[in-house]
Amino acid sequence: MKIFWSFARSTFQFIAAYRFDFFMEFVLAVVRMYGIYWVWRILYTQRPGAFGVSLEQMTTYGVMGMALEMFIWSRPQWYMATQIKSGAIDTDLMKPLDFHLYMLARSIGEMFIGVGVLGLPALIIAYIFLGVQFPPDLAAGLMFVVSLVLGFLLLFHLNFLLGSLAVVAMDIRHISWAYFSVVRFLGGQIVPLWLFPPFVAAVAEVLPFKGTYFIPISIYIGRLTGMEAIQGLGFQIVWLVVLVLLSRVLWSAAHRRLVIQGG
Amino acid sequence: MVEALRLYVRLVRLSMQARLQYRADFIMGMLNIIALNAINLGLIGIIVYRFVDMNGWIVWELFFLYCLWLLGHCLYSLFFWHFWEMEEYIIQGTFDQFLLRPASPFVQFMGREVQYIGFADMSVAIAGLVLAYTNLHLHWSLAQWLFFPVIVISGTLIETALTLMMACIAFWTGRSSMAINLVMEFNVLVQHYPIDIFGVWFRVLVTGIIPVAFMNYYPALMLLGKLDPQSPTAWLGYISPLVALILLVIASVVWRFALQRYSSSGG
Chain A
1 MKIFWSFARS TFQFIAAYRF DFFMEFVLAV VRMYGIYWVW RILYTQRPGA FGVSLEQMTT
61 YGVMGMALEM FIWSRPQWYM ATQIKSGAID TDLMKPLDFH LYMLARSIGE MFIGVGVLGL
121 PALIIAYIFL GVQFPPDLAA GLMFVVSLVL GFLLLFHLNF LLGSLAVVAM DIRHISWAYF
181 SVVRFLGGQI VPLWLFPPFV AAVAEVLPFK GTYFIPISIY IGRLTGMEAI QGLGFQIVWL
241 VVLVLLSRVL WSAAHRRLVI QGG
Chain B
1 MVEALRLYVR LVRLSMQARL QYRADFIMGM LNIIALNAIN LGLIGIIVYR FVDMNGWIVW
61 ELFFLYCLWL LGHCLYSLFF WHFWEMEEYI IQGTFDQFLL RPASPFVQFM GREVQYIGFA
121 DMSVAIAGLV LAYTNLHLHW SLAQWLFFPV IVISGTLIET ALTLMMACIA FWTGRSSMAI
181 NLVMEFNVLV QHYPIDIFGV WFRVLVTGII PVAFMNYYPA LMLLGKLDPQ SPTAWLGYIS
241 PLVALILLVI ASVVWRFALQ RYSSSGG
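In the order they appear, the protein sequences are chains A and B.
At the far end of the first sequence sits residue 263, using this note's numbering, and the numbering has no gaps.
At the far end of the second sequence sits residue 267, using this note's numbering, and the numbering has no gaps.
Looking at chain A on its own, in the form it has when it is part of the complex:
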């Protein structure tokens, strides 16, 4: 309990110190949601009901894509890159806990801050002003929550793998620009996978990225239902297992290399 309060206090201090940044971040999120809302609204006014989705479903998809960024986005890669660059990573490695779990715990903490300060307020704005709908039924709502948690874990591991790369590449700043857009593109954050041309869709369907945004949001708007939704969750779980194993293997290899370098 004592630990909890000290954590809560330090979190509060962190938010207070960066309140201007948080406020601006919130404004940015609202601008993004607003922008994508109009894109789909115009396109679906041109062609109502295109691709078996209603205007409301599509705008909900778009706005949720922007709003959920705060729910699933974690940044272990930045922390890892700075620590590796400065050599301070050795203090992290000396701590009596597993580095991979330590990063996960940090990321979950960051995620809760992001959700509380930015994510939930952004969602409220989306519900009130941007006509975002609720899931069609309770089952879809519950599956969405599960899928969202899996999405967070998937993206965390992808980011963790990128962070491990910092051991070899030293500077991951440039790679991360392209990486972010790949996640956004193949993850279906802006444009859902069912609109992709067949050959691009075929690639996006098998890669783990679609487990980040596409599956949770498709379940949310009722595009993936019943068996398909469960298959979606299964897809996320399978990739999660693969990525966890990959992260363990890659990090231990990176760790060995790091020790040789001497930090």
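Since the hints were derived computationally from the structure, they do not count as laboratory data.
Built from N, CA and C at the ideal position, the CB exists for glycine as well.
One thing to keep in mind: the hints can contain errors.
Only part of the chain A face toward chain B is listed, based on derived beta-carbon distances under 7 Å [unchecked claim]:
id, residue
1, D21
2, M24
3, L28
4, W38
5, S181
6, F185
7, V191
8, L195
A few chain A residues that don't get close to chain B, going by computed Cβ distances all over 12 Å [unchecked claim]:
id, residue
9, S10
10, I113
11, V115
12, L120
13, R248
14, H255
Chain A is fixed; fit chain B onto it per the hints.
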């Protein structure tokens, strides 16, 4: 003035040499920026491929819009990207160095860095504009050809002036990068989509308050022949240079105020 310019060119050359020492970093940066732009254009392409057009804009017109913005932006990112880092200089007190030397602090700060990523944007922008021009079968008049570089430079200056004003916030609050990001966010929307798809208040905002629509949307209307001469707002297609000029005047006043406000953190 001539003296300041000479100093600036000298500083830029030094910064460029410093940058180019890291060859691998340079190549990675270029490749990644090109990939990022290709993905952005791909997304626009997919949307329009499925819906044929976006409020009357076909795919090559949207690419033109995107690349016209990018061409103005690349000159900004080449020479002025480090406005973004102004807050670091102010928080750490390293801004003092610019005030101690007997030259304009602005010129010194500007010459501090060159971002080669601008070259990657430039190659994408030029390739995109050439492709759009041929595929749209455009035939510009001489006047339009002469106006084109003016528009590009105006775009650069609009973005530079806006970013400089935002960067100056750091003189008061110590933080400004998020405010610059805000301008950037509007930029991204204006770059990707024609603003006529958005609601009225957004159009007013990017026309009158954060006038980034003058970087690409309004001049593109004119260059793509989408401007209706009968429309009461047709003149907006021609005033980008004026907008740039006004913003520069305001930005220089803000900068002067900010410098007076500066008190070193003693770093």
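Evaluation of the provided hints:
1. D21: A/D21 check passes; min Cβ-Cβ to chain B is 5 Å, inside 7 Å.
2. M24: Holds. Min distance 4 Å.
3. L28: holds (5 Å)
4. W38: holds (5 Å)
5. S181: Given a least distance of 4 Å, the restraint on A/S181 holds.
6. F185: holds (5 Å)
7. V191: Interface hint status for A/V191: holds (6 Å vs cutoff 7 Å).
8. L195: holds (5 Å)
9. S10: holds (20 Å)
10. I113: holds (16 Å)
11. V115: holds (19 Å)
12. L120: At about 20 Å from chain B, A/L120 clears the 12 Å cut-off, so the statement holds.
13. R248: The assertion about A/R248 holds, with a minimum of 27 Å to chain B.
14. H255: For A/H255, whose nearest Cβ neighbour in chain B is about 24 Å away, the distance exceeds 12 Å, so it holds.
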